[in-house]
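Below, each chain spelled out in residue letters.
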Amino acid sequence: MARRVGVVAVAQTKFEESKPTLHLQDLVFEPVQKILQETGLKFTDDGTGIDATISCSQDHWDGWTISSKNVVDGAGGHLRPEEKVAEDGAYALYYAALSIIGGHYDCILVVAHTKESQVDGRLIENAGLEPLYSRMLGLDFTSCAALQATQYMHRYGISSQQCAQVVVKNRRNAIYNPYAQSPGELTVTDVLGSPMLSDPIRLLDAKPVSDGASALIVAVEEKVKKWTDKPVWIEGMGCCYDRHYLGYRDLTDPISLTEAAKRAYNMARISNPRKNIDLVELSEYYSYQELLWSEGLLLCERGDGGRLLESRATQIGGDIPINPSGGLLSGVPVNVAGLNRAVEAVAQLRGETGGSQIDGAKRALIHGTGGVCGQMHCVIILKKG
Amino acid sequence: MGERVAIIGIGQTDHRYLRSDINHEEMIYEAVRKALEDADLTIRDIDTIIIDNMDLFEGHYLSDAMSVDGAGMYLKPGLKMNTGGTSGGTAVVTGWHHIASGLFETALVIGWEKQDAAPSISALVTAREPLYDRGMGAGAVGIFATMGLKYMREYGCREEHAALARVIMADNARRNPHAHLKLDLTIEDVLKSRVLVWPVRLLHMSPTSCGAAALILSNENKSRRAAKPPVWIKDIETAHREQSVWRGGCVEPNPKVTAIEVAASKLYRRNNITKPSRDIDVWELYTPSSWALFPWMELFSICEKGEAWRLVEKEVIRIEGEIPIEPSGGVVSTNPIGASGLIRVAEAALQLRGEAGERQVTKKAETAIATAWGACHWIVILYLSKHL
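For the protein sequence lines, the chains are W and D, in the order given. Residue 281 in numbering that gives the first Met the number 0 sits at position 282 of the first sequence, with consecutive numbering throughout. Residue 184 in numbering that gives the first Met the number 0 sits at position 185 of the second sequence, with consecutive numbering throughout.
What the hints contain is simulated information worked out from the structure, not anything from laboratory work. Hints are supplied without guarantee of correctness; some may be wrong.
What the hints assert, rightly or not - Derived BS3-like pairs (lysine-lysine); straight-line CA-CA distance at most 27 Å:
| no. | chain 1 | residue 1 | chain 2 | residue 2 |
| --- | --- | --- | --- | --- |
| 1 | W | Lys225 | W | Lys382 |
| 2 | W | Lys274 | W | Lys33 |
| 3 | W | Lys41 | D | Lys255 |
| 4 | W | Lys41 | W | Lys383 |
| 5 | W | Lys41 | D | Lys274 |
| 6 | D | Lys181 | D | Lys274 |
Predicted model, so just to flag it, every value in this text is computed and none were measured.
Work the whole structure out from these sequences, hints included.
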């Protein structure tokens with residue numbers, strides 16, 4: 000890598016089921032204001048502050064074509080460079096880091112927002128399916144995920160109990176996270192007793208509707224060192240697309256995730272991810288996905304996601320803690336998800352997460368995903384400075 | 000600075016009002032295949048893919064996800080950008096950063112829009128801030144109407160001049176095999192066309208087009224060995240502008256400072272462009288209405304304030320002229336929105352290669368500026384050169 004890129008600061012809103020009093024611009028401005036106050040950085044043209052903004056949002060979720068319009072005043076885009084990544088927030092961080100490595104910018108503000116509460120997500124997800132053959136079936140991402148879950152559970156003998164344990168673990172982890180929407184002490188029985196959404200996915204197996212935003216400042220090495228005593232470096236990055244049509248894919252084999260992870264591991268020179276990585280913040284929109292994604296990330300063998308969970312390795316205190324923040328199941332909106340994973344991982348690497356702190360955490364993996372049944376994935380490796 | 004970036008492959012569809020013969024993936028594939036053929040590469044040679052489109056216009060959520068087969072993205076890294084009318088320009092900029100980073104040798108950049116699939120103008124209405132501005136129901140026409148009105152009042156320009164600008168674009172478009180509207184127009188034809196919002200008439204506005212365009216970018220090492228002579232993207236600049244009407248943003252006819260001026264002055268300064276009309280040989284400006292041409296020419300410092308309409312009157316902007324602008328026929332002849340910004344770059348690169356056929360400018364073309372404009376005075380500028 001020609002230039003080393005690191006994280007200067009992170010900020011996030013509290014995640015809530017609904018934020019009816021906040022205009023989208025206000026929602027964006029909240030973490031931006033926090034991060035500016037914390038760092039003292041300003042939007043400048045002379046290289047002394049933030050050079051550009053990369054935002055992440057979706058026209059459909061905002062009900063606003065060219066949704067970055069509402070970011071322009073809230074995130075320093077007025078008469079300045081601002082570009083919108085229309086994918087998960089992890090991709091926004093990926094693109095920001097690339098733009099700094101390339102040398103055109105030295106410091107970029109990355110911000111992602113979504114107010115899921117203001118729209119019917121199922122209609123949007125239906126519009127996320129190919130229009131001629133798939134859309135009219137009335138599928139949404141949950142009913143598609145149910146197909147993936149069924150196939151995965153059937154092939155590898157993953158049980159509903161194992162999936163429910165993911166929910167219990169993540170919601171309990173969220174107790175230590177002041178920004179989490181739905182922390183709580185749940186039992187497997189609670190999860191298995193919750194209403195069925197689309198068999199085998201129950202209400203508590205799915206990420207709740209959530210509103211919120213996250214922001215992060217990345218910069219080139221010299222500036223990171225000048226602006227923070229607790230730098231976190233970006234060591235590796237990778238992303239990858241799978242095909243769209245569900246029938247073309249083996250839904251139990253997240254090959255695009257593995258491909259993205261391999262790219263990130265190669266760049267970070269990681270040979271044994273389970274050993275070399277201290278914590279994982281991944282995007283589990285549904286409980287079974289945490290198990291499936293942990294396989295895709297090569298943290299265990301194919302089909303061993305359930306056993307990995309039962310070995311307690313993925314708990315706080317285990318050898319590969321997954322989602323110590325509480326993850327998406329504790330409430331993080333789509334688009335914000337991947338960027339918020341980075342925000343949480345940075346807090347861990349800086350030792351700022353209190354009760355959920357992973358002792359001696361030096362290297363973290365963050366993951367964002369988009370599309371139906373995890374069609375594309377982005378993996379970034381962060382390392383404590 | 001990072002790796003130098005060049006365009007080594009160019010492809011675009013023939014842009015039309017209706018493409019009911021194919022779906023969006025097949026349309027994307029047309030442009031991608033042409034770009035690969037042009038570069039004499041296969042999809043296996045492509046390291047990463049950047050795609051852009053205006054999701055809400057066709058009603059596709061995550062339109063990149065459902066374009067994978069047509070775009071050749073299967074098991075490749077890449078991402079999707081969407082910045083409005085500027086999207087096509089932004090996508091090229093994104094590809095530029097990817098190559099500059101040194102992490103990728105080749106990038107395929109794709110812009111597309113299939114407007115026969117949904118009424119895009121009803122989506123455009125939602126581009127306004129929902130509480131204060133959306134009730135206006137304003138699309139793009141009003142912006143150009145206020146712009147034209149203000150320009151006429153300040154500088155003594157008449158409707159005939161904007162009509163002449165439109166006639167020149169039509170003349171250029173007839174020489175471009177890919178153009179959507181290839182009209183044979185007279186000034187009278189334009190002046191007789193129906194008023195949308197005065198002084199903007201139907202013929203002053205860009206059409207609703209279907210189309211895709213693709214570019215292949217690569218680093219210096221690979222570009223030196225490319226099938227076609229590389230066209231270098233020397234520099235880029237972008238600026239957005241706060242939008243809200245109620246804070247004096249969007250429809251303000253002549254804002255005190257525009258994003259165009261801010262971005263252009265930065266880019267000119269960095270590249271020692273002191274007299275743009277002399278230092279730049281070809282312009283592919285993104286002008287969605289012929290009424291935008293005059294202010295654009297002035298904001299890009301092609302001429303002084305108030306002089307643009309006089310230059311157009313002298314017809315120096317024609318393909319044979321001293322300051323050729325939009326030899327392709329421009330956005331007013333062809334507008335598949337997500338592709339439009341990318342087509343500007345593609346057309347400018349073809350001019351620098353000397354491969355623009357009948358629309359090749361008469362003067363020696365070694366430098367070009369391609370722009371993308373969108374939303375409310377947002378701009379992306381790319382500075383291209385034949386020489387590194």
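For this session: Sort out which numbered hints this structure fails and list those numbers smallest first.
Result: 2, 5, 6
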